[in-house]
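Protein chains: 2
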Amino acid sequence: MAPSTAEKQEHSDKERASHILRLPLDATRVDREPHSYERWMVAKLMRMAGSPPICFRLWNGDVIPPESGEARFTLYLADPKALYSLVANPNLAFGDLYSAGRLQVEGDLAELLETLYRSVHAARQKWPRWLDTLWRNHNPRATGIPEAKENIQHHYDLGNAFYQLWLDHAEMQYTCAYYEQPDLSLEQAQLAKLEHVCRKLRLKPGMTVVEAGCGWGGLARYMARQYGVRVHSYNISREQLAYARERAREQGLDHLITYVEDDYRNIEGQYDAFVSVGMLEHVGKDNYAALSELIKRCLNPEGIALLHSIGRNRPMLMNAWIEKRIFPGAYPPSIGEFMGICEHGDFSVLDVENLRLHYAQTLTHWMARFTENEDKVTDMYDAHFTRAWRMYLAGSIAAFRAGSLQLFQVVFTHGDNNLLPQNRGDLYTTPAAPGEA
Amino acid sequence: MAPSTAEKQEHSDKERASHILRLPLDATRVDREPHSYERWMVAKLMRMAGSPPICFRLWNGDVIPPESGEARFTLYLADPKALYSLVANPNLAFGDLYSAGRLQVEGDLAELLETLYRSVHAARQKWPRWLDTLWRNHNPRATGIPEAKENIQHHYDLGNAFYQLWLDHAEMQYTCAYYEQPDLSLEQAQLAKLEHVCRKLRLKPGMTVVEAGCGWGGLARYMARQYGVRVHSYNISREQLAYARERAREQGLDHLITYVEDDYRNIEGQYDAFVSVGMLEHVGKDNYAALSELIKRCLNPEGIALLHSIGRNRPMLMNAWIEKRIFPGAYPPSIGEFMGICEHGDFSVLDVENLRLHYAQTLTHWMARFTENEDKVTDMYDAHFTRAWRMYLAGSIAAFRAGSLQLFQVVFTHGDNNLLPQNRGDLYTTPAAPGEA
Numbered sequence: 001m002a003p004s005t006a007e008k009q010e011h012s013d014k015e016r017a018s019h020i021l022r023l024p025l026d027a028t029r030v031d032r033e034p035h036s037y038e039r040w041m042v043a044k045l046m047r048m049a050g051s052p053p054i055c056f057r058l059w060n061g062d063v064i065p066p067e068s069g070e071a072r073f074t075l076y077l078a079d080p081k082a083l084y085s086l087v088a089n090p091n092l093a094f095g096d097l098y099s100a101g102r103l104q105v106e107g108d109l110a111e112l113l114e115t116l117y118r119s120v121h122a123a124r125q126k127w128p129r130w131l132d133t134l135w136r137n138h139n140p141r142a143t144g145i146p147e148a149k150e151n152i153q154h155h156y157d158l159g160n161a162f163y164q165l166w167l168d169h170a171e172m173q174y175t176c177a178y179y180e181q182p183d184l185s186l187e188q189a190q191l192a193k194l195e196h197v198c199r200k201l202r203l204k205p206g207m208t209v210v211e212a213g214c215g216w217g218g219l220a221r222y223m224a225r226q227y228g229v230r231v232h233s234y235n236i237s238r239e240q241l242a243y244a245r246e247r248a249r250e251q252g253l254d255h256l257i258t259y260v261e262d263d264y265r266n267i268e269g270q271y272d273a274f275v276s277v278g279m280l281e282h283v284g285k286d287n288y289a290a291l292s293e294l295i296k297r298c299l300n301p302e303g304i305a306l307l308h309s310i311g312r313n314r315p316m317l318m319n320a321w322i323e324k325r326i327f328p329g330a331y332p333p334s335i336g337e338f339m340g341i342c343e344h345g346d347f348s349v350l351d352v353e354n355l356r357l358h359y360a361q362t363l364t365h366w367m368a369r370f371t372e373n374e375d376k377v378t379d380m381y382d383a384h385f386t387r388a389w390r391m392y393l394a395g396s397i398a399a400f401r402a403g404s405l406q407l408f409q410v411v412f413t414h415g416d417n418n419l420l421p422q423n424r425g426d427l428y429t430t431p432a433a434p435g436e437a
Numbered sequence: 001m002a003p004s005t006a007e008k009q010e011h012s013d014k015e016r017a018s019h020i021l022r023l024p025l026d027a028t029r030v031d032r033e034p035h036s037y038e039r040w041m042v043a044k045l046m047r048m049a050g051s052p053p054i055c056f057r058l059w060n061g062d063v064i065p066p067e068s069g070e071a072r073f074t075l076y077l078a079d080p081k082a083l084y085s086l087v088a089n090p091n092l093a094f095g096d097l098y099s100a101g102r103l104q105v106e107g108d109l110a111e112l113l114e115t116l117y118r119s120v121h122a123a124r125q126k127w128p129r130w131l132d133t134l135w136r137n138h139n140p141r142a143t144g145i146p147e148a149k150e151n152i153q154h155h156y157d158l159g160n161a162f163y164q165l166w167l168d169h170a171e172m173q174y175t176c177a178y179y180e181q182p183d184l185s186l187e188q189a190q191l192a193k194l195e196h197v198c199r200k201l202r203l204k205p206g207m208t209v210v211e212a213g214c215g216w217g218g219l220a221r222y223m224a225r226q227y228g229v230r231v232h233s234y235n236i237s238r239e240q241l242a243y244a245r246e247r248a249r250e251q252g253l254d255h256l257i258t259y260v261e262d263d264y265r266n267i268e269g270q271y272d273a274f275v276s277v278g279m280l281e282h283v284g285k286d287n288y289a290a291l292s293e294l295i296k297r298c299l300n301p302e303g304i305a306l307l308h309s310i311g312r313n314r315p316m317l318m319n320a321w322i323e324k325r326i327f328p329g330a331y332p333p334s335i336g337e338f339m340g341i342c343e344h345g346d347f348s349v350l351d352v353e354n355l356r357l358h359y360a361q362t363l364t365h366w367m368a369r370f371t372e373n374e375d376k377v378t379d380m381y382d383a384h385f386t387r388a389w390r391m392y393l394a395g396s397i398a399a400f401r402a403g404s405l406q407l408f409q410v411v412f413t414h415g416d417n418n419l420l421p422q423n424r425g426d427l428y429t430t431p432a433a434p435g436e437a
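Quick mapping for you: the protein sequence lines, in order, are chains A and B.
Count the first sequence with the numbering used here and you get residues 1 to 437, in order.
Count the second sequence with the numbering used here and you get residues 1 to 437, in order.
Bound conformation, chain A alone (with noise of 0.2 Å):
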C-alpha cells in the first residue's frame, strides 16, 4: 500500500531533517585513561574562554575542575575525539557534539551558555589573531535567489505540525514578541507585538501594505481584520504559505490579503507601507544594497517602513553551528549595517527600538512548550534532531540575555516626506496586548 501523503510528508521531513543535522562521525564510547595532553588541552581551552566557572567530567570518569571557584556547570565528555573537536572548532563542534549526545551538560543549558557566551565575549578581546580566524565561523552559504530557496526550505519547511509544538496558538508568530507587561502570556505578546507593528506604521483602514517575508501569514491576518488594510505578503516558504492561505480563507479575510509565493526581490507595485519582521537575517550582506532600493521604489512618498530583525551591536559573523546547522545563511546586521540599508535609500530613520529581552523572554516560552513536547519531536524525526533544537532554543536565550544578539524595530520614510507623527505617544495611549483569553 502507498503510503498517504501526511506518511510521505512526514518521511521527507525526517529526512531533511537528518541529513542536515547528523554528524557523520558515531559517537565511539571509549574509557581508557585521559593523556596527560588531553587534560592540558582542557584546562587550556577553558583560560580560552576566560575560565567560566565549569567543570569537564572526561569518558574515564575523571573530573578537571575549573582553574579557580566552584563550578556551576558540568560538561560530560563522551570520548577523546569529543574533545579534539571541541578544541579543533568549539563554535561548530559544541553543538554538534551535543546533539549526536557526545557532550553532555549538567545544570541548566542556556544559563549555561549564558555564562559561557559572557566569559568568552570578554576573553575574545585577549586572543590571538590566528586563533579568532581559526574558529570563525567558515564559507556561510549565499543568500541569491536560488540559495535563499534552500536555505529558508531547509528551516521553515520542516513541517507545520512541528512548529505548532511550541510556537503561539494565535498566529503562529515565530519572531520576538512584545512583552508589554512581564507577566503576558506567549499569545498576549505575540498579539502585542502585531498590535506594536501596526501601530509604528500608522495604519489606516484602505491603505495598502507589502510585507516581505509572512511565516505563516499572521501579521498580515492582523493588519487585513484589525485595520482593514490590503496587504501583499511574499515567502518562499511552500509549507508556510499553505497554512497562511488556509487560515485566510476560514477567517474570510482572503479578499484583502494576496499571499504570494515570491522571493522577495520580484515585490512589484508601490505601498502605503513596507513591512518586513525576521526576514532581514536571511538576506545576507551583500543583498542590503538591493533590499534598500528595492523599499524605495515601492514605498509610496508618504509611506511608512519597519524592518524588525535580530542584529548585533557591532559587525560579527553568524554562530557557526546556527548557521550550518540551523539557519544555512543567515546573518544579523550590526545596528551600524542595518542603518547602512536606510543609509543607502537616502532614507529619514524615525524610530529604532531595541527589544533584546523580550526575545529572550519568547525564546523562554518557547523552550518551555518545546520541553513539554520534546517525546514528540523525537517521534516526528529522531533523538538527534530534538537535542540540536534544544541546543539552538537555549543557545538563543543565552544570546540574547548575554546581549550576543539584539532584536531591533526600525522604522523609516523617504527622506522627504514631512508628513510624519508629532511624537511616539500614540504608540502607548492603550495597552498593545489584549486581555487574557
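Hints listed in this document are in silico derivations from the structure and should not be mistaken for laboratory results.
One or more of the hints may lead you astray.
Identical chains blur together in the list; that is why a pair holds if it fits in one copy or across any two.
Using 25 Å as the maximum straight-line C-alpha spacing, the simulated DMTMM-like pairs for lysine to aspartate or glutamate come out as follows [what the hints assert, rightly or not]: (1) 149 - 302; (2) 44 - 382; (3) 204 - 180; (4) 44 - 31; (5) 81 - 62; (6) 285 - 337; (7) 296 - 132; (8) 204 - 272; (9) 126 - 346; (10) 44 - 62; (11) 285 - 150; (12) 285 - 38; (13) 285 - 108; (14) 285 - 346; (15) 81 - 33; (16) 376 - 157; (17) 44 - 239.
Model the placement of chain B on the given structure of chain A, informed by the hints.
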C-alpha cells in the same frame, strides 16, 4: 574715560562678530548692462540647481525668469562680482553675499531656501563629480582641544545678552525643543525636551549624571531640581558657564551641580548617566572613537547614556557657509556614523528617536523672536551680523524641513546590562510639557 566692563565686552563681541562674518569685498553697485555670458551663467546655475521656481533680478534691473513655470521667489544680485562668486562657490557665497547685502531675497527666506535645498538635493545626483568637488566645503576647521575652544568661543561667547533676545525664557535652551503637542509655546516645548531627556535616562533621586557640553546649564538645573540627581556638567564656553553658575546659585541648586570649565575629553569619574545634548555636532568624526571610549569608561555598569545631536540621513560635509561663518568645525554625523560611536564601544542601542520637524518648529520660534529684535541685534553688532544670523536661522529651518538635517536622540547602555526598562511606555504616561505658565 575708560570704557566700563560691559562696554568693553560689547566692543569685543562686535569685533569678534565682524572679524569673522564680514566679506573682504565691499558691495560695489554698478548699473552697466549684463553681458550675454552673464545671463548664460545665471541660467546654467539655475539648471544645476534643478530649475527651481526662482527668478533673478540683475544689478541693472534686468529680470531672468525661471526655466519653466512661474517664479515664487526673486533673487536680486547687486553687482556682477556677486554673480561670479555665486557661480564659483554657491554654498559659501550665497550666505556671504546675503550677509553683505549684495544678494537680496524677495519672498520668505526660509521657504526660498527649502525650495532650493529640495531642488538641489534631487539635481545633484546628476552633477559631474568635478562640480561636487569644486563646490564642496574645503578645509573645515579641526576639532582638537585648542581648536575646539576657539570654535566654541566663536559662536557661544557672542554674548549672553544676544542669545537672551531670542532663546526661550525658561532655560535658555539652544537645542531642539520637543513639541509634544503642535501648539506648545517655545518655553513649554523646551521644558518638555528636558523632561523627555530625563525620562529617557530613567533618573532617580541620588543618581549621578555627567553632562558633556551644557550650554547655559539648563538641563543640569532641571535634572537637579526635578529629579534630585547630582550633576557634573562640562563646557568650554566661559560666557555660558558664568550664566549657568549664577542661575544655579540663585535657585539654590549649587550643592547638586558642578559646572566644570573643561573639554569633555577630560571628564573623569563614573556616573549613573551620561548625557550630551547638542555637543556631538562639534566633536568631529576623528574624535568619535575617543568619545565612545570616554563614555565606556565613565558610565556605570548599569548606567544609561543619551546623545542628542543634529544628524544626516547619509554622510555629507557641513554646508560651507555654516561651517566657516557660523559653526567652525561643525559636522553632523549620518545615522550610520552615529551608530559607529555605539559600535566602537560595544554599546547596545536601546532607542533612537528622530525629532527633525521639532527642530524646524523650534527654529521657527527662534526666528520670530529674532526678527522682532533685529534692531537691537544691529545695535549690538551691525547690519551684516544681523543678516548673517537671519540667513543662518532661515537656512536651518529650511534644512530641517527639506530633510537635509535630522535630529537624533540616541539612548544606549553597556552591552551586557540586563537592567533595562520593560518598554518605552513610561515616557508617555503623563505629558512631558508643563501647562501654559
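Hint check:
Taking identical chains as interchangeable, the C-alpha atoms of residue 149 and residue 302 are never at most 25 Å apart, the minima being 32 Å within one chain and 43 Å between chains. With identical chains, the CA atoms of residue 44 and residue 382 are never at most 25 Å apart, being 34 Å at best within one copy and 74 Å at best between copies. For the identical chains of this complex, residue 204 and residue 180 are neighbours both inside a copy (23 Å) and across copies (22 Å), given an alpha-carbon limit of 25 Å. Taking the shortest Cα distances, residue 44 and residue 31 sit within 25 Å of each other inside one copy (22 Å), while across copies they are farther apart (87 Å).
Taking the shortest Cα distances, residue 81 and residue 62 sit within 25 Å of each other inside one copy (16 Å), while across copies they are farther apart (90 Å). Proximity of residue 285 to residue 337 under the C-alpha cut-off of 25 Å is found in both arrangements, the shortest distances being 8 Å within a copy and 18 Å between copies. In the homo-oligomer, the alpha carbons of residue 296 and residue 132 lie at most 25 Å apart only across protomers (24 Å), although the nearest pairing inside one protomer, at 38 Å, exceeds that limit. In this assembly of identical chains, the alpha carbons of residue 204 and residue 272 lie at most 25 Å apart only when taken from the same copy (10 Å versus 41 Å across copies).
For the homomeric pair residue 126 and residue 346, the shortest alpha-carbon distance between copies (16 Å) is at most 25 Å, but the shortest distance inside one copy (38 Å) is not. For the homomeric pair residue 44 and residue 62, the shortest alpha-carbon distance inside one copy (17 Å) is at most 25 Å, but the shortest distance between copies (85 Å) is not. Taking CA atoms no more than 25 Å apart as the test, residue 285 paired with residue 150 passes inside one copy only; the shortest distance there is 18 Å, against 42 Å between copies. In this assembly of identical chains, the alpha carbons of residue 285 and residue 38 never lie at most 25 Å apart, being 40 Å within a copy and 50 Å across copies at closest.
Neither within a single protomer nor between protomers do residue 285 and residue 108 lie at most 25 Å apart by alpha-carbon distance, with minima of 34 Å and 45 Å respectively. With identical chains, the CA atoms of residue 285 and residue 346 are at most 25 Å apart both within one copy (18 Å) and between copies (20 Å). For a Cα distance limit of 25 Å, the shortest separation of residue 81 from residue 33 inside one copy, 13 Å, qualifies, whereas the shortest one across copies, 93 Å, does not. Taking the shortest Cα distances, residue 376 and residue 157 sit within 25 Å of each other inside one copy (18 Å), while across copies they are farther apart (74 Å).
Proximity of residue 44 and residue 239 under a CA criterion of 25 Å is satisfied in neither setting, with 46 Å inside one chain copy and 59 Å between copies.
Of the numbered hints listed earlier, those contradicted by the structure are 1, 2, 12, 13, 17.
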